[in-house]
Amino acid sequence: MKALDKLSSHLRTRLVDLRRAKEQGRKIVGYTPGGYLPEELVLACGAIPICLIRGGDHAPVELSGAYICRWIDTFCRAQIGYGVSGDDPYYGIVDLFAIPITDNHIRAISDVLDYNTNIEIFPFGVPHMKEKVAFDYYLHGITRLKARLEELTGVEITNSKLREAISLCNRERELLKEISLMRQSQPAPISGKDFVALNHGSFLADKRIMVETLESVYNELKEQSTPASEGPRVLLTGSTLAIGDYRVIEMVEAAGGAIVIEEFAEGIRPYWEKVKADGDLMAALADCYFTRRVPPGWFRPGKERRDFLIKLAKDFNIAGVIWYQLMYRESYKTESYYFPGLLKRETGLPMLTLESDYDQAETEQLRTRIETFIETIRR
Amino acid sequence: MANYYDALLKLCGFEDEIKREKPRIDKAFRKLELGPEDMKRAERWVSENHDVELLGVRKLLRAWLLELFDLVLAKEEGKKVVYYGYPSIQGPGMAIKAASEEASKEVYVACPDTILCHTLGQIFNKLAPVLEAGEQNGLPPGHGLCSLQQIRNGGLAKGIIPVPDLVTSSSYYCDMGSKADELLHDRYGHRAIYVDGSMDSRWGEYPDYLPQRVDYLGAQLNKLFDTVNEVLGVEVTQEAWNRAISVSRQFFHAIGQLTRLMTADPMPISAVEVSLALQLGGASTGRAMTEGPEAVSILCGEVEKRVEAGIGVVEKGAPRVLNFSASFSDPSIMHMMENTGLAMSATLLSVPPPKAPYPTTYTTLGEIRAEGEMTIGMYHSSFSIAKRFEDAVKTLNIDGVIWSYLYNCRPSALLSHVVKKWVEETTGVPAISLEMDIYDSRNYSAAALRTRVEAFAEMLRARKATAKA
Numbered sequence: 001m002k003a004l005d006k007l008s009s010h011l012r013t014r015l016v017d018l019r020r021a022k023e024q025g026r027k028i029v030g031y032t033p034g035g036y037l038p039e040e041l042v043l044a045c046g047a048i049p050i051c052l053i054r055g056g057d058h059a060p061v062e063l064s065g066a067y068i069c070r071w072i073d074t075f076c077r078a079q080i081g082y083g084v085s086g087d088d089p090y091y092g093i094v095d096l097f098a099i100p101i102t103d104n105h106i107r108a109i110s111d112v113l114d115y116n117t118n119i120e121i122f123p124f125g126v127p128h129m130k131e132k133v134a135f136d137y138y139l140h141g142i143t144r145l146k147a148r149l150e151e152l153t154g155v156e157i158t159n160s161k162l163r164e165a166i167s168l169c170n171r172e173r174e175l176l177k178e179i180s181l182m183r184q185s186q187p188a189p190i191s192g193k194d195f196v197a198l199n200h201g202s203f204l205a206d207k208r209i210m211v212e213t214l215e216s217v218y219n220e221l222k223e224q225s226t227p228a229s230e231g232p233r234v235l236l237t238g239s240t241l242a243i244g245d246y247r248v249i250e251m252v253e254a255a256g257g258a259i260v261i262e263e264f265a266e267g268i269r270p271y272w273e274k275v276k277a278d279g280d281l282m283a284a285l286a287d288c289y290f291t292r293r294v295p296p297g298w299f300r301p302g303k304e305r306r307d308f309l310i311k312l313a314k315d316f317n318i319a320g321v322i323w324y325q326l327m328y329r330e331s332y333k334t335e336s337y338y339f340p341g342l343l344k345r346e347t348g349l350p351m352l353t354l355e356s357d358y359d360q361a362e363t364e365q366l367r368t369r370i371e372t373f374i375e376t377i378r379r
Numbered sequence: 001m002a003n004y005y006d007a008l009l010k011l012c013g014f015e016d017e018i019k020r021e022k023p024r025i026d027k028a029f030r031k032l033e034l035g036p037e038d039m040k041r042a043e044r045w046v047s048e049n050h051d052v053e054l055l056g057v058r059k060l061l062r063a064w065l066l067e068l069f070d071l072v073l074a075k076e077e078g079k080k081v082v083y084y085g086y087p088s089i090q091g092p093g094m095a096i097k098a099a100s101e102e103a104s105k106e107v108y109v110a111c112p113d114t115i116l117c118h119t120l121g122q123i124f125n126k127l128a129p130v131l132e133a134g135e136q137n138g139l140p141p142g143h144g145l146c147s148l149q150q151i152r153n154g155g156l157a158k159g160i161i162p163v164p165d166l167v168t169s170s171s172y173y174c175d176m177g178s179k180a181d182e183l184l185h186d187r188y189g190h191r192a193i194y195v196d197g198s199m200d201s202r203w204g205e206y207p208d209y210l211p212q213r214v215d216y217l218g219a220q221l222n223k224l225f226d227t228v229n230e231v232l233g234v235e236v237t238q239e240a241w242n243r244a245i246s247v248s249r250q251f252f253h254a255i256g257q258l259t260r261l262m263t264a265d266p267m268p269i270s271a272v273e274v275s276l277a278l279q280l281g282g283a284s285t286g287r288a289m290t291e292g293p294e295a296v297s298i299l300c301g302e303v304e305k306r307v308e309a310g311i312g313v314v315e316k317g318a319p320r321v322l323n324f325s326a327s328f329s330d331p332s333i334m335h336m337m338e339n340t341g342l343a344m345s346a347t348l349l350s351v352p353p354p355k356a357p358y359p360t361t362y363t364t365l366g367e368i369r370a371e372g373e374m375t376i377g378m379y380h381s382s383f384s385i386a387k388r389f390e391d392a393v394k395t396l397n398i399d400g401v402i403w404s405y406l407y408n409c410r411p412s413a414l415l416s417h418v419v420k421k422w423v424e425e426t427t428g429v430p431a432i433s434l435e436m437d438i439y440d441s442r443n444y445s446a447a448a449l450r451t452r453v454e455a456f457a458e459m460l461r462a463r464k465a466t467a468k469a
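Chains as they are written, first to last, in this note's numbering: chain A, 1 to 379; chain B, 1 to 469.
Calculated directly from the structure, the hints in this document are not laboratory data. These numbers were taken from a predicted model, which means no experiment stands behind them. Glycine residues also receive a C-beta, built at the ideal position from the N, C-alpha and C atoms. A hint or two may mislead.
[Claimed, not checked] 35 Å max Cα-Cα, derived DSBU-like pairs, lysine-lysine:
#1 B:Lys40 to A:Lys130
#2 B:Lys421 to A:Lys303
#3 A:Lys132 to B:Lys223
#4 A:Lys193 to A:Lys177
#5 A:Lys132 to B:Lys387
#6 B:Lys10 to A:Lys303
#7 B:Lys79 to A:Lys27
#8 A:Lys276 to B:Lys79
#9 B:Lys105 to A:Lys132
#10 A:Lys22 to A:Lys314
#11 A:Lys303 to B:Lys40
#12 B:Lys40 to B:Lys22
#13 B:Lys387 to B:Lys10
#14 A:Lys130 to B:Lys355
#15 A:Lys314 to A:Lys303
#16 A:Lys274 to A:Lys27
#17 A:Lys344 to A:Lys193
#18 B:Lys19 to A:Lys22
#19 B:Lys80 to A:Lys132
#20 B:Lys355 to A:Lys303
#21 A:Lys303 to B:Lys75
#22 A:Lys132 to A:Lys2
#23 B:Lys80 to B:Lys22
#24 A:Lys132 to B:Lys79
#25 A:Lys130 to B:Lys464
#26 B:Lys19 to B:Lys31
#27 A:Lys344 to A:Lys311
#28 B:Lys79 to A:Lys303
#29 A:Lys130 to B:Lys19
#30 A:Lys311 to B:Lys223
[Stated by the list, open to error] Covered stretches of chain A (chain B as the covering partner; in silico rule of three or more C-beta atoms under 8 Å from a C-beta of chain B):
#31 250-258
#32 315-325
Isolated chain A (complex conformation):
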């Protein structure tokens, strides 16, 4: 796909562009990929949002061992490894690292890097329940962030700037949603790997270039002839899907399966809802990012997400679910025990649970299990 090639080309030089922008006085704001950081705030003050979302490599996980024990989520340990070593250049260029504290694993990134590095950390809490007081708490957190961003950049985030940023981000979400929904048709016009590449690209790319890319992809997909057939349709869900953590996707597709929808707590940009750009814009951001976002597995109770997974399975005519979690993320491990029963009752579908510590030693075991699963769900 031409548009994807263009995106890849943009991302290859992104770091250079960012360094140049930084030299020209632009501020760069890093954040964790849980879907709770309204990028609109960063864009509205002229700063550049960059998601620190790299993973899939065991080396930084090993490096983190000098700063934290192994019983923390793999992705979060990887971020600690990148943060303390500087091995991920994005960590070296951020002026502020905004961390929505979603659970204790993300809190580990915040606390360990705050203590051990000079990176300025800005944590703010994401409550685990959808209640009015929880909404107020989240709103207060992003309001504090707004004030810090204004201080950092010296730019006031006015309503008109914020509305403009909301419009741009809404367009990005809208396009991702439209492209994603195209996959309800059979066969799906875009592979799981390509859709994830687009979604991941949106965490790093310049927002306007990203929107242009998505528009091109959307048009290309509308015009292209659909593939003649596809393998078993798979819903891929789990805790974190980082940039670089593509083993499972590649193995599923190599085994003949088609990932047609994804749902992750971290690593897949939420795109189902748009910010309502009228009235109090900060409340509108909180409404979209907190209240209407399908919550991750560590919300209590987790029924909304589980119901959403069932709905996705039905809407996308899934043949099987692959549940991909990273080691020691206890919320997902616990749910992976009782969700298959619910899935079976509601849809009759089977589920394969996979776990990873980004270790190469896991590769062949993962492959065998995935190949077997795809064979068993082939209709």
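Given the coordinates of chain A, assemble chain B onto it according to the supplied hints.
This is chain B only, laid out in the frame that chain A set:
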């Protein structure tokens, strides 16, 4: 006719009530699957690991066993059952209990997992089957899942503890407890109430905090009290709260006295027994208050005599160590540490927590409690815990710190390296990070930990000797 459990119960401070309580005891041991062989093993285990020469210790063991019976039989005895998690904010459980009594309702309120640790673990050395049942029912081994939750899960799966009417989760601290409660709710259908919060302070922020944290946590605690009213028909009022404080004051006053006595040189009793007393107050709202004060007072009197006579369980002049927590289920770990020559005399709780602002500007029970917790710091942030360590080391003139973090408790594990570094940087006192599981010692037994503790003890002794010279 003698009962198969008489010898153990007598060893654990029971007297006349064995006869009186026989039907309850028989029923409870049947449910717990504890037979004659278990009693024999428990006698040996208790004799080896508890200072049963002290009446106060025997009385504490008795209080724990009575609490176990109350827990196991609560439903059969017509009580509504409320479980809270560990750790949890001190007070709400006691207040629910006090309010129930005021409303003349039979309600059993406790933390069942810690009770099973201190009884099936500390007394019977038979916690493994419960843990295994927990592992087989949704919380498998090898994934760093909380063993305390495995114990609760296993206890329910085996039918040895009753299905509760209401569970309250410490959602302001850990993610695992809430998720495990959801798992149990899925299976047993009981009501679960999540008391949420967010530990989102920056490193270095304690003792400051954003007032919104009090607003949120306070509202969540108030929600808990509203739910208690809805589910149990019990209103938790300020009067009930005051009564709870008044009832518990005697117990915690005695605990404070015991803690102070532990600063004597030589250390007069094992930290195992102090923990036995301390944790009773955390796990129980019943026997801790009815049997606890007398047991701890008796123990204090006995310990005072030892102090006066210069009797200790470690040598005089032994390095004084601040430990995070004793094992809840396996006393042999603490004994191993003490046998290396360390006086494990202090914990974070040995230093009184900072006082909450008085008078407070908050008006609701939940907010007042939330404000207190922000001040105390245990649920404030990672930094507040590191700072409490620093303050304790400086206040108590400590020679070394054993940061026995719980590998499968994320709020503790995320501090695995940080606390050691912070303590050494801010106090100059050596610290060791010791990976542990204070609830399940199958993989973290005394034998597995001994080498590292011995080396640490050797280093502390050498350091002390050098300083003296």
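Run the distance test for Lys311 of chain A versus Lys223 of chain B: straight-line Cα separation, threshold 35 Å.
holds, 31 Å
Does the alpha-carbon distance linking Lys22 of chain A and Lys314 of chain A stay inside the 35 Å limit?
Distance ~46 Å between Lys22 of chain A and Lys314 of chain A Cα, so the pair is violated.
Is the Cα-Cα distance between Lys40 of chain B and Lys22 of chain B 35 Å or less?
This hinted pair holds, its Cα atoms lying about 19 Å apart.
Check whether the Cα positions of Lys344 of chain A and Lys311 of chain A lie no farther apart than 35 Å.
holds, 13 Å
For a C-alpha distance cap of 35 Å, please report whether Lys40 of chain B and Lys130 of chain A respect it.
violated, 52 Å
Taken at face value, is the distance from the CA of Lys355 of chain B to the CA of Lys130 of chain A at most 35 Å?
holds, 32 Å
Do the alpha carbons of Lys355 of chain B and Lys303 of chain A lie within 35 Å of each other, as the hint requires?
violated, 40 Å
Starting from Lys105 of chain B, check that the Cα of Lys132 of chain A is at most 35 Å away, please.
With Cα atoms ~32 Å apart, Lys105 of chain B and Lys132 of chain A stay inside 35 Å; holds.
If you draw a straight line from the CA of Lys193 of chain A to the CA of Lys177 of chain A, is it 35 Å or shorter?
holds, 16 Å
Given as covered by chain B, does the segment 315-325 of chain A meet the bar of three residues or more with CB within less than 8 Å?
With 0 residues close enough to chain B, the hint is violated.
Do the alpha carbons of Lys303 of chain A and Lys75 of chain B lie within 35 Å of each other, as the hint requires?
holds, 29 Å
Satisfaction of hint between Lys22 of chain A and Lys19 of chain B, Cα-Cα up to 35 Å:
violated, 81 Å
Consistency with the previously given hints fails for numbers 1, 2, 6, 7, 8, 10, 11, 13, 18, 20, 22, 25, 29, 31, 32, ordered from lowest to highest.
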